[in-house]
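Visitor: Sequence:
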Amino acid sequence: MTRRILLVNGPNLNLLGVREPDVYGTATLADVERLTADAAAEEGFELGAVQSNHEGVLIDAIHAARTECVGIVINPGGLTHTSVALRDALTGVSLPFAEVHISDVYAREEFRHHSYLHDVAAVRVIGRGIDGYADAVRQLAALIP
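Start counting the sequence shown at 1; every next residue gets the next number (our numbering).
Don't read these hints as lab results, they were simulated from the structure.
Please note: incorrect hints may appear among the correct ones.
To be verified - The following label-pair restraints were derived from C-beta to C-beta distances:
id : residue 1 : residue 2 : range
1  : L29       : E68       : 35 to 41 Å
2  : D135      : A30       : 26 to 32 Å
3  : R4        : G92       : 14 to 20 Å
4  : D22       : P145      : 38 to 44 Å
5  : P21       : E68       : 20 to 26 Å
6  : F111      : D22       : 29 to 35 Å
Predicted model, so just to flag it, every value in this text is computed and none were measured.
For every residue, glycine included, the Cβ atom is placed at its ideal position computed from N, Cα and C.
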């Protein structure tokens with residue numbers, strides 16, 4: 001199997017660089033994908049990337065990763081706090097995954113403090129800006145034989 005990691009970005013992350021720059025910074029989704037691909041390459045992995053504002057598209061990509069990838073880095077955006085289906089997809093494919101959040105969700109609104117993924121994620125990186133994606137790749141890579 002190719003040593004490939006899937007990068008999954010959920011709803012509204014296509015607006016990075018425009019949406020609430022005081023919270024999310026000015027880097028774009030393209031910047032995130034480039035940074036994450038570079039970190040993956042440094043660890044000996046290829047990177048595939050998907051972003052969608054539609055939960056089903058993300059779930060389909062996660063299902064496809066089951067046979068194409070050895071791990072997943074995911075920023076589920078607002079689905080973090082609402083999606084049992086996304087959790088079920090991630091646990092169903094039996095791949096180690098890293099949950100990433102650009103902002104410190106625990107310093108924000110109360111509803112953002114709950115994650116449906118936190119107890120099943122192999123790695124969690126929260127509040128490190130886009131550098132958190134590279135951190136997540138490095139930590140995930142250390143878990144993959």
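Visitor: Against each hint, give a clear statement of whether it holds in the structure.
Guide: Comparing the hints with the structure gives:
Distance hint for L29 and E68: a CB-CB separation of about 21 Å, inconsistent with the stated range 35 to 41 Å. Look at D135 against A30: about 19 Å separates their beta carbons, and that is not inside 26 to 32 Å. At roughly 19 Å, the beta-carbon separation of R4 and G92 lies within the given 14 to 20 Å, and the hint holds. The supplied range of 38 to 44 Å is met by D22 and P145, whose beta-carbon atoms lie about 41 Å from each other.
The beta-carbon spacing between P21 and E68, approximately 34 Å, falls outside the hinted interval of 20 to 26 Å. Hint check: F111 to D22, Cβ distance near 19 Å, so the stated range 29 to 35 Å is violated.
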